[in-house]
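Asker: Below are the chains, spelled out letter by letter.
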Amino acid sequence: MKLTQLEQELQRARQQGIFISSSGDQSQSMSGNGALAFDVEYARWLEEHNRRINELRGAVNSHAGDGELRIIVDGILAHYDDIFRIKGDAAKADVFHILSGMWKTPAERCFLWLGGFRSSELLKLLINQLEPLTEQQLMAINNLQQSSQQAEDALSQGMEALQQSLAETLAGSLGPSGSSGNVANYMGQMAMAMGKLGTLEGFIRQADNLRQQTLQQMHRILTTRQSARALLAINDYFSRLRALSSLWLARPRE
Amino acid sequence: MDRIRDLASKKAAVIFTKSSCCMCHSIKALFYELGASPAIHELDQDSCGREMERALRSLGCNPTVPAVFIGGQFVGSAKDVISLHVDGSLKQLLINARAIWF
Numbered sequence: 001m002k003l004t005q006l007e008q009e010l011q012r013a014r015q016q017g018i019f020i021s022s023s024g025d026q027s028q029s030m031s032g033n034g035a036l037a038f039d040v041e042y043a044r045w046l047e048e049h050n051r052r053i054n055e056l057r058g059a060v061n062s063h064a065g066d067g068e069l070r071i072i073v074d075g076i077l078a079h080y081d082d083i084f085r086i087k088g089d090a091a092k093a094d095v096f097h098i099l100s101g102m103w104k105t106p107a108e109r110c111f112l113w114l115g116g117f118r119s120s121e122l123l124k125l126l127i128n129q130l131e132p133l134t135e136q137q138l139m140a141i142n143n144l145q146q147s148s149q150q151a152e153d154a155l156s157q158g159m160e161a162l163q164q165s166l167a168e169t170l171a172g173s174l175g176p177s178g179s180s181g182n183v184a185n186y187m188g189q190m191a192m193a194m195g196k197l198g199t200l201e202g203f204i205r206q207a208d209n210l211r212q213q214t215l216q217q218m219h220r221i222l223t224t225r226q227s228a229r230a231l232l233a234i235n236d237y238f239s240r241l242r243a244l245s246s247l248w249l250a251r252p253r254e
Numbered sequence: 001m002d003r004i005r006d007l008a009s010k011k012a013a014v015i016f017t018k019s020s021c022c023m024c025h026s027i028k029a030l031f032y033e034l035g036a037s038p039a040i041h042e043l044d045q046d047s048c049g050r051e052m053e054r055a056l057r058s059l060g061c062n063p064t065v066p067a068v069f070i071g072g073q074f075v076g077s078a079k080d081v082i083s084l085h086v087d088g089s090l091k092q093l094l095i096n097a098r099a100i101w102f
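Chains as they are written, first to last, in UniProt numbering: chain A, 1 to 254; chain B, 1 to 102.
By construction, these hints were calculated from the structure, which means they are not laboratory data.
Among the hints, erroneous ones may be present.
[As the list claims (entries may be wrong)] Anything over 10 angstroms on all C-beta distances counts as not near chain B; from chain A, calculated:
id, residue
1, Leu133
2, Gly158
3, Pro252
[Stated by the list, open to error] Taking lysine to any residue pairs in the SDA-like style, the calculated list, with each CA pair at most 20 angstroms apart, reads:
id, chain 1, residue 1, chain 2, residue 2
4, A, Lys196, B, Asn62
5, B, Lys18, A, Gln157
6, B, Lys79, A, Gln149
Source: prediction; values computed, not measured.
Don't be surprised by glycine CBs; every beta carbon is placed ideally from N, CA and C.
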């Protein structure tokens with residue numbers, strides 16, 4: 001895909017307020033291209049997601065039957081699988097871009113965890129939106145919220161261990177400069193650090209796996225109608241965050 | 001493989017790791033959070049480490065660490081453990097194996 005074509009798509013997406021990249025045009029490097037390509041794919045995915053959500057909203061408001069709702073809901077969940085796959089490929093090419101969240105709006109980025117949303121927070125939001133729930137459902141949703149939180153905490157701890165390990169490796173290469181022994185040492189430490197950086201992609205993959213599994217488990221617990229309301233509520237929440245980003249960037253300043 | 005099976009049978013929850021592996025750190029943290037006390041075996045600290053790693057790979061474990069066994073049965077890698085935890089199966093497996101009580 002030609003760069004100009006990509007840039008045009010990006011401009012169109014920006015105008016639609018789908019996302020705002022405050023870093024301007026990225027035209028520096030090879031990985032800049034990969035990042036740009038992902039940003040465009042994400043913008044396209046989001047556009048399609050919004051279209052499906054509007055379809056769902058229409059169906060819910062016009063009191064469509066369970067059968068019709070199920071088709072739309074299943075479609076949206078399958079579409080979520082698409083973005084997780086796209087993110088996975090993008091993380092292999094440029095893990096730092098995914099981690100940076102520069103492909104999301106500023107307010108969304110503020111709440112970013114390992115390259116995406118926190119399932120446990122989403123579930124907390126939903127519990128109030130989903131009433132009435134049966135006793136069994138309430139317990140299942142609470143368990144799911146707890147499990148996703150535990151998994152998030154575990155992954156966060158692994159990331160902290162990685163950062164600490166990286167810091168120790170880099171600090172180990174510090175010392176008086178000049179001697180050839182130190183150059184070899186430096187190279188060795190850099191090689192080790194590179195190896196550790198390579199594991200970052202695994203964390204993003206597991207974080208996305210957690211998001212995907214949580215959405216699917218949520219869908220298993222809920223009725224079709226409840227799943228529909230859940231997906232609409234999730235979309236409303238992120239739409240508001242995106243709108244907040246636009247308002248914030250456009251705010252009058254002295 | 002024998003060594004893997006042998007070690008895996010010695011405790012209700014067993015995790016094969018490498019000392020440098022941070023994802024292993026995550027899975028260990030999850031088990032501790034659930035109240036399990038898994039036996040941890042670091043392949044890079046074991047003289048048979050290379051063969052053990054090959055055995056794990058032959059079980060389909062990719063990446064080879066962390067490799068989780070519960071009740072002597074191979075459960076999987078990080079992705080499998082997280083998926084099982086989300087649908088509630090992990091806790092049940094640990095309870096059945098008497099690694100935890102609730």
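Asker: All hints, please: hold or fail.
Answerer: Hints, one by one, checked against the model:
Interface exclusion of Leu133 of chain A from chain B stands, the closest Cβ pair being 17 angstroms apart, more than 10 angstroms. The Cβ of Gly158 of chain A sits about 3 angstroms from the closest Cβ of chain B, inside the 10 angstroms cut-off, so the non-interface label is violated. Non-interface call for Pro252 of chain A relative to chain B: holds, since the shortest CB-CB distance, roughly 45 angstroms, exceeds 10 angstroms. With a C-alpha separation of about 17 angstroms, the suggested pair Lys196 of chain A and Asn62 of chain B falls inside the 20 angstroms cut-off, and the hint holds.
Distance check on the hinted pair: Lys18 of chain B and Gln157 of chain A sit about 16 angstroms apart at the alpha-carbon level, within 20 angstroms; holds. A hinted pair counts as satisfied when its Cα atoms are at most 20 angstroms apart, and Lys79 of chain B with Gln149 of chain A qualifies at roughly 16 angstroms.
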